[in-house]
Amino acid sequence: MRNVSSYVVVLFLSVAIVGCGGRKAVDRDIDVDAVDGVGGVSTSGLDGSGTSTSGLDDGTTGIGNAIGAGGPEGELLSKRVVYFDYNSSLLTLESEAIVQAHADFLANNPGVQIILEGHADERGTREYNLALGEDRAKSVAQVMEALSVSGGRIQNVSYGEERPVALGYDEAAFALNRRVEILYQ
Amino acid sequence: MSLILNLTLMNKVKDMAIFGRPRFAGISCIFAVLLTLLATPAMAVLTIEVNKGVDSGIPIAIVPFGIEGASGLPHLPADIIESDLSSSGKFDAVSRDNFISRPTDLKSIQYKDWRLLKAEALVVGKIINLGNGQLEVRFRLVDVFRETQLTGQKFTIPEDRIRKVSHQISDIIYEQLTGKPGAFDTKIAYITAEGELPNKKFLLQIADVDGFGPRTVLQSNEPILSPAWSPDGNWLAYVSFEKRSSNVYIQNVWSGERKLVSEFPGINSAPAWSPDGRSLALTLSKDGNPDIYVFNVANNSLRRLTRHTAIDTEPDWSPDGRTIAFTSGRSGAPQIYRVPVSGGNAQRMTFEGKYNAGPSHSPDGKSMVLITDQGNGFRVGLYSTEDRSVRELTNTRQDESPSFAPNGEMIIYATQKGGRSVLSAVSVDGSVQQTLRFQQGSVREPAWSPFNRKL
Numbered sequence: 001m002r003n004v005s006s007y008v009v010v011l012f013l014s015v016a017i018v019g020c021g022g023r024k025a026v027d028r029d030i031d032v033d034a035v036d037g038v039g040g041v042s043t044s045g046l047d048g049s050g051t052s053t054s055g056l057d058d059g060t061t062g063i064g065n066a067i068g069a070g071g072p073e074g075e076l077l078s079k080r081v082v083y084f085d086y087n088s089s090l091l092t093l094e095s096e097a098i099v100q101a102h103a104d105f106l107a108n109n110p111g112v113q114i115i116l117e118g119h120a121d122e123r124g125t126r127e128y129n130l131a132l133g134e135d136r137a138k139s140v141a142q143v144m145e146a147l148s149v150s151g152g153r154i155q156n157v158s159y160g161e162e163r164p165v166a167l168g169y170d171e172a173a174f175a176l177n178r179r180v181e182i183l184y185q
Numbered sequence: 001m002s003l004i005l006n007l008t009l010m011n012k013v014k015d016m017a018i019f020g021r022p023r024f025a026g027i028s029c030i031f032a033v034l035l036t037l038l039a040t041p042a043m044a045v046l047t048i049e050v051n052k053g054v055d056s057g058i059p060i061a062i063v064p065f066g067i068e069g070a071s072g073l074p075h076l077p078a079d080i081i082e083s084d085l086s087s088s089g090k091f092d093a094v095s096r097d098n099f100i101s102r103p104t105d106l107k108s109i110q111y112k113d114w115r116l117l118k119a120e121a122l123v124v125g126k127i128i129n130l131g132n133g134q135l136e137v138r139f140r141l142v143d144v145f146r147e148t149q150l151t152g153q154k155f156t157i158p159e160d161r162i163r164k165v166s167h168q169i170s171d172i173i174y175e176q177l178t179g180k181p182g183a184f185d186t187k188i189a190y191i192t193a194e195g196e197l198p199n200k201k202f203l204l205q206i207a208d209v210d211g212f213g214p215r216t217v218l219q220s221n222e223p224i225l226s227p228a229w230s231p232d233g234n235w236l237a238y239v240s241f242e243k244r245s246s247n248v249y250i251q252n253v254w255s256g257e258r259k260l261v262s263e264f265p266g267i268n269s270a271p272a273w274s275p276d277g278r279s280l281a282l283t284l285s286k287d288g289n290p291d292i293y294v295f296n297v298a299n300n301s302l303r304r305l306t307r308h309t310a311i312d313t314e315p316d317w318s319p320d321g322r323t324i325a326f327t328s329g330r331s332g333a334p335q336i337y338r339v340p341v342s343g344g345n346a347q348r349m350t351f352e353g354k355y356n357a358g359p360s361h362s363p364d365g366k367s368m369v370l371i372t373d374q375g376n377g378f379r380v381g382l383y384s385t386e387d388r389s390v391r392e393l394t395n396t397r398q399d400e401s402p403s404f405a406p407n408g409e410m411i412i413y414a415t416q417k418g419g420r421s422v423l424s425a426v427s428v429d430g431s432v433q434q435t436l437r438f439q440q441g442s443v444r445e446p447a448w449s450p451f452n453r454k455l
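These protein sequence lines map, in sequence, to chains G and S.
Numbering follows the numbering used here, in which position 139 of the first sequence is assigned residue number 139; successive positions increment by one, without gaps.
Numbering follows the numbering used here, in which position 12 of the second sequence is assigned residue number 12; successive positions increment by one, without gaps.
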């Protein structure tokens with residue numbers, strides 16, 4: 001019951017924040033798709049006797065935003081994307097401040113769980129970038145865990161270079177794509 | 001007699017392989033081979049562009065096949081054979097515009113016509129409509145100077161196999177004149193991505209090596225990655241994000257039957273089949289960070305092969321099945337290492353270039369293709385296990401996913417052209433490059449099938 005009520009509060013706050021319009025278009029829209037999109041998959045064989053499946057959903061639907069609080073802390077909390085240097089998983093000082101703010105929020109809201117979604121720019125091989133995306137998500141998770149957020153509340157996912165937010169083959173686009181998105185469940 | 005010609009031709013090919021690159025790289029020009037679409041507009045390929053050196057191969061004349069009793073069949077076999085052989089870099093097709101005569105069988109050949117055009121080899125043939133959708137296709141490969149037939153064959157096939165038989169004829173000609181098996185009658189698997197989020201569509205498709213006849217074997221709204229053929233060509237392993245994290249599946253290409261083989265927490269990716277088809281090397285991060293594991297497909301057992309705090313990924317088996325090459329970030333930037341399959345220490349293999357990743361062994365195990373950055377962007381590189389050198393085979397900047405043809409003569413890879421991802425093939429000496437241009441969407445991660453006549 002307590003969980004449900006805090007969830008409602010969280011949802012309410014998130015609506016309020018959305019109303020403030022302080023977010024960039026790059027973060028949430030895409031994640032909603034990632035989480036809520038139909039996981040429909042169909043296979044077929046060359047001999048025409050293929051099986052067809054759809055809606056292989058893992059049940060992670062209906063996820064709301066969970067960001068609240070005002071003031072300087074709130075400003076940091078409203079940032080839910082942290083960026084990285086090329087081929088690096090180290091947090092910058094700015095990123096670390098953002099991650100710490102989220103860790104504080106999580107410490108104060110024990111029912112809330114998050115997904116850390118790691119991404120890479122498109123240079124290099126897809127598989128190496130998939131690993132790099134996970135490495136970045138783990139860097140963020142480590143800071144949070146060091147601040148007493150239990151690892152069980154954090155789920156890491158890497159999309160490598162598969163979900164760029166900026167198109168274009170230049171440093172401006174690369175810099176936006178080398179990121180970890182902090183997604184509240 | 002034909003043997004003598006064969007030897008001369010083979011010597012010429014050998015010379016080309018040795019001298020071809022320095023001689024022709026500087027004066028390379030562009031031929032555009034435009035193939036008319038036989039198929040419906042739904043077929044994927046528009047054009048095939050071949051960029052190659054001048055006068056680098058065996059001069060061969062391929063006469064459009066005669067047609068008996070069939071209507072509406074274009075010059076398909078000759079077009080396909082010409083395109084196949086030209087793409088290999090080992091042949092120069094004599095332009096049809098200059099043909100003096102158009103024989104369709106042995107007795108109607110005027111050899112002086114072909115000597116005049118400096119053709120050393122000549123292909124003639126005919127298609128006979130047998131009715132009921134059946135065709136008989138005959139061809140002969142002829143030595144112009146010796147005036148003898150080198151080989152010839154007759155096929156009886158359903159009409160819709162005409163492309164496949166044409167590729168088979170290319171294989172026969174290629175083997176007869178170069179001494180190596182052709183790989184034109186094989187397939188490529190690849191991923192296409194179309195549309196924008198939230199309606200993005202990912203397809204895993206299989207097509208002929210020239211891009212024709214694409215068939216979809218998997219469709220998903222989430223990314224699909226890293227298709228890998230089993231050694232018998234009957235299965236594809238791949239990574240799918242359909243459960244919102246990277247998991248590894250194997251799927252039978254004939255029945256569509258598939259199995260989820262790895263869904264541990266974290267990354268499950270980079271599947272690579274062992275040469276005996278019993279195991280998959282995988283990248284898993286379940287024990288902390290990405291390391292290489294060997295998964296036995298038959299008994300589901302799993303064994304850890306590398307243990308390092310840096311990223312280890314992109315495993316690829318040596319053809320003898322004894323070692324696995326992989327990409328590791330343990331020295332900072334990605335470089336290629338290898339480890340015995342039985343376990344043991346990893347040994348660094350690449351030392352040239354600031355980025356080397358995604359190794360794929362040649363069928364003879366003497367080299368690997370990989371993605372290399374030597375200060376010129378990300379290019380297909382050829383790594384020699386003998387002297388550890390890495391030679392750039394392309395001059396583009398955003399190449400990905402190179403893999404060898406099963407005969408080791410060509411390499412297929414993905415690159416960017418006109419703002420989207422396309423598939424290209426390059427000969428192993430770098431002298432000839434061919435781009436497959438698809439009508440729409442982005443096409444990437446090609447994997448060349450093994451030999452399997454059923455495919």
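Worth flagging that the hints you see were computed from the coordinates, not collected in a lab.
Just to be clear, a hint being listed does not mean it is correct.
Claimed, not checked - If you want the footprint, here are the derived chain G segments under chain S, 3+ residues with CB under 8 Å:
no., stretch
1, 99 to 110
2, 123 to 131
To be verified - Examples of chain G residues toward chain S, derived with CB under 10 Å:
no., residue
3, V41
4, S42
5, T43
6, K79
7, E134
8, V143
9, L147
10, R163
11, F174
Just so it is clear, CB atoms sit at the ideal spot from N, CA and C, and this is done for glycine as well.
Hints, one by one, checked against the model:
1. 99 to 110: Three-residue rule not met by the stretch 99 to 110 of chain G, so violated; n is 0.
2. 123 to 131: It holds: at least three residues are needed, and the stretch 123 to 131 of chain G offers 8 whose Cβ sits within less than 8 Å of chain S.
3. V41: Given a least distance of 5 Å, the restraint on V41(G) holds.
4. S42: Result: holds, 5 Å to nearest chain S Cβ.
5. T43: Holds, about 5 Å.
6. K79: Because about 22 Å separates K79(G) from the closest Cβ in chain S, which is outside the 10 Å limit, the hint is violated.
7. E134: Since chain S brings a Cβ to about 5 Å from E134(G), closer than 10 Å, the hint holds.
8. V143: violated (16 Å)
9. L147: Violated - the Cβ of L147(G) stays beyond 10 Å from chain S, reaching only about 20 Å at its closest.
10. R163: holds (8 Å)
11. F174: violated (12 Å)
Violated hints for the displayed structure, listed by number in ascending order: 1, 6, 8, 9 and 11.
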